[in-house]
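S.K.: For reference, the chains in residue letters:
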Amino acid sequence: MAITETTNQVATGPMAAGTRGATKIYGDGDTQVVALNEVDCSFAAGQFTAIMGPSGSGKSTLMHCLAGLDRLSSGDAYIGSTALSQLSEKDLTILRRTKIGFVFQAFNLVPTLTALENITLPADLGKGSIDQAYLDQVIKAVGLEHRLGHRPSELSGGQQQRVAVARALSSRPDVIFADEPTGNLDSQTGGEILDFMRRAVTDFGQTIVMVTHDPVAASYTDRALFLNDGRIVNEMHEPDTDSILAAVRAAAQS
Amino acid sequence: MFRLAVKNLAANAVRLALTALAIVLGVGFVVSSFVLRDGLKDSFAGLSEEIVQGTDLLVTTFDADSDDPLTDTDLALLNDLDGVRVAEGSLSGFDNSIQPIKPDGTTIGTNGPPQIAFAWTVDEVLNPTTLVAGRPPTNPMEWAIDIDAAAKHGFVEGETYEFVTPVGNRSATLVGTFRFGEDNTTNGATLMAFDLQTAREFFSSPAGEWDDISISIDGTVPVPELQETVAVTLGNEPGSTSRVDFDPDVDGAEIESFDLDDVGTDRVLVQNQADVAAETAAQFNAGIDLFGWVLLGFALISLFVSIFIIANTFSIVVGQRIRELGLLRAIGATPAQIRRSVIIESFLIGLAASVVGIGAGIGLAYGLSALLGVLGIPLPPFDIILSPLTIIVALAIGTVVTVISSLLPAVAASRTSPIAAISGSIETTEKSARRYIFGGIFTLGGAGLLGLALFVFGGTSSTLTGLGVGAAALFVGLTLLSPLAAGPLSRGLGLPLETALAKPGQLAKENAARNPRRTASTASALMIGLSLVSMALVLGASIKKEIKQTFEAGLQADYIVNTQAFDIPDEAIQRIDDDPMFTAVTGVRLWGVDLENEVVVDGEPVDGETSGTGVAALDFSVAEQLFNVGTTDGSLSAIDNDSVGIDDSLADRYGLGLGDTVRMVLDNGDVAELEVVAIFTEEVLLAPLLVTVDRYEQISDQPTSDFAAALKADSVSTADADARFAELGEDYPNLEFQSAAEARETFSGFVDDFTSLLSALLGLAILIALVGIANTMALSVFERTREIGLLRAVGMTRRQSRRMIRWEAAIISAVGAILGAAIGLGLGALLVAAIPDDILSTFSVPWARIAILVLIASVAGLISALLPAFRASRLNVLDAISTN
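From first to last, the protein sequence lines are chains A and B. Per our numbering, the very first residue in the first sequence carries number 1; after that it's consecutive. Per our numbering, the very first residue in the second sequence carries number 1; after that it's consecutive.
By construction, these hints were calculated from the structure, which means they are not laboratory data. It is possible that part of the hints are untrue.
To be verified - Far from chain A, some chain B residues (derived; all Cβ distances over 10 Å):
(1) Asp68
(2) Glu182
(3) Ser216
(4) Asp701
(5) Val794
(6) Thr842
As the list claims (entries may be wrong) - Coverage of chain B stretches by chain A, computed from C-beta distances (three or more under 8 Å per stretch; other residues unrestricted):
(7) 499-510
(8) 826-838
For every residue, glycine included, the Cβ atom is placed at its ideal position computed from N, Cα and C.
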């Protein structure tokens, strides 16, 4: 797979999420930091995308702004055709609950709730109904049928992440954002989680955007975006570990 | 370590402000009890001095009811002495016994400061009052009033007013107004001066006799010498105890040690100005001190509650700082240093909070004064006096309490392992077994001590100490044990929330139940506060039930004449008696008296034990028509001046039966031997000892009845009787004519007033408990930043997160309230059981009131968490979820 020059190639299929002129500035005056600088990007439905880049490149900021956890200084982020800047705090929350799924690196689960309650949490917070058949399918796919009544403290790290992924999937969101989902796991367990996310895209047509600095993790995706200094500096389709490593090195030298 | 402690304080200002608030309130309450006490004492000390201004020597008999009163002859002898400029006799009425009827037809009322009536003193130096307008009341049927009372109640010079007096209704013309001292500082009392003839009539004072004699000297004879001469002239032995050297530095107690037995054969007491002022002040002070101690008691309860709050806060904070403490340990801090840093931190908080508490206390003094006014105990105006002692006590008590609270958390902090710096685990696993063993020991020990204090200990001080220490130990023990109940209780209480509020409700429930120890510790202060309030409610309900039973079973009268003070003139009772509509009526006078009979235990006399009892005087010719006292032997109608009726408790205590002798100590020190002619079982509204009015007059100078009971003729309708009473009410506006049922409500109302007062005074402890809940919730929100952030990220709205925190606080409060109510029921039952059956034999639980109390406490807990809930909803989701 060759490295392409485009920074704003429109993906195939309808856009699940994206940004236009996304700029995020922290602080002001001398301490001002431009975390995102006029970023345009888009994430096609049914695609698994990795956002990569060194620490401070803006990759987490981009994800936070896309996911409605943070607001842009200028430009806009979209989920489907919804411009997030137009939404009130409450609408953003409801959007997160209904249209977005999250998988974080750690502390993904509410300790007082069981695995099943954690999975259905977004639906339970709203008054949304749960598609039981789909839920059963997801639970079966992550292999948690016998762990549903357990609390997070009774689950292994890998099991906890699987619960998190199952939660993200359970509401059939437009897009799932995953922030270093395997960062705290050993490589084998991490591989299982990535396999599962891959299948969610392939089998269920789920859209996933994953922030990672791990080339191995990125190799499971359909497409990788590279950020540096708040800009998209590169993009790859069907990336493999070696090409990503090369791109990372190139990006670091640029 | 000191610097570390200071830096910690500086870094956590808000958290500390919340911790300190509990101390500020507790210390503030203590300070306000001192400030009120000192202010009132100062106010009355000024009054005491003004009362005797101009009087150089005061002559009194040792007893107001002396067989040998001061007379005109004595007055003449004194006026002839060298060194005496003038001697003048004075007369005063029983407080509130003379009540002027205001232009609006009502009396001033006796619920507030007293109405004091006296004869006008002619000599201007001796007279503590100064005429402001009009002329002095020197002609028959004239009176004057102090300027403030005149203005307040609308009395106008030149008008004639009617008075309710012990001798019946009388009238007199207002001829002047005066001020007392420089600024008419009467502390709210109404002062009324009458001409001598009118005073003698109103006070039933025999001609030629005086209450006491005031002397103004001309300075030619030294005061001590004149004092001795006056005493000897009036019949004292030379060099006898004619002078009581009163030490003004010693409060109230001095007066009591002044015993009739020490006086020997002395006829009179001659005191100089300073001694009179000191004695007067001491009498005021004794009352003020009691008031101060009661307030202080409640303040200490508040502080006790604060200990739990602060200890809980410190242990949560230590838990949250475990990484930091672990780091300190890792880089070489010893456990002792860690411990010290926590204790120093608490010391500094305690000190700072106490300083603020002193300021708060001054404000609280006004607040308490206003509160007591609302509850029917108006305080006279007072100046704020912040004595050095108050400041020292406040600083010491606030600091010590805070340091004590920090001891256990400090020890826990010092046990932090260096590895905690890395693992950073917050939720610590505790050694439960030891906690519960200690809890059990404290609970049983405390309950045992309470039992001993209530049922075994005799003396007042040992009983009070036993109650205080026992209750404290019991509460500590129950707090230690309470986590056992907190978990299941939280889950049970949260169950309906899960249905009503869906996910936020379930999360509130789970959060309240997740750490039963924290929930229990947080709820403990509320538990203690509410247990005391519900104990008071149980006691109140039991007394009310007793009142109800008494009225239903014991009162045969249709009507009760009630009054705020014991001020029913015989004339009013006579008018009812004269009316054919009523078949029986009697006034009832109540008092206390000492008996010299030997106490009998198991049939054997116990040496040297004498004791007092309540006594009632009434008309025994109609007593059995009006009261059903359950006479078992003899008859009430047989009681005459040489006999008494007693109830079964007195009969048991002294081993008395019909025909035996009761030895009753009279006011002049004599002992009357009275034959028992009736034994009864129920006091109804009377007393264990029943005597005639003539006998009563030998033990009390109260000229009026406390209440009266009347029976209407069967043929008379209620409406007619009511109309008749309405007419009487116009002549005696100080009286209330009530049906038996209304009277019962009035008595129950007194009980309600009392429980309200107790609850209000316990209110501050409950407020502190709520501060503690707010504090814990704030700390929990801080601790659960990531969890709340996660919830927000996956779609919990701000509103839902607020709801989750608020309801968690409500559940915690409800846990505390329910446990408190349960403990209060137990304590109330214990107290009722401990009170002798002849005083209180019924037990009643006011379920509805207690349920409302629990509900209010839970809602208050919910409200206390508004701010932490708001903070939770405003958490920055990004900060909350970002790793590290």
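S.K.: All hints, please: hold or fail.
M.R.: Taking the hints in turn, this is what the structure says about them:
The beta carbon of B:Asp68 is kept farther than 10 Å from every beta carbon of chain A, the shortest such distance being approximately 85 Å. No Cβ of chain A approaches the Cβ of B:Glu182 within 10 Å, the least distance being about 67 Å, so the stated non-interface status holds. For B:Ser216, the condition that its CB be more than 10 Å from all CB atoms of chain A holds, with the nearest at approximately 84 Å. With 10 Å as the threshold on Cβ separation, the claim that B:Asp701 sits away from chain A holds: the shortest Cβ distance comes to roughly 72 Å.
In this structure B:Val794 is not separated from chain A by more than 10 Å, as the shortest Cβ-Cβ distance comes to only about 5 Å. The claim that B:Thr842 lies off the interface holds: its Cβ sits roughly 47 Å from the closest Cβ of chain A, which is beyond the 10 Å cut-off. Requiring three or more residues with a Cβ within less than 8 Å of a Cβ of chain A, the coverage given for the stretch 499-510 of chain B holds, as 6 such residues are present. For the stretch 826-838 of chain B, the proposed coverage by chain A is not satisfied: 0 residues have a C-beta within less than 8 Å of a C-beta in that chain, short of the threshold of three.
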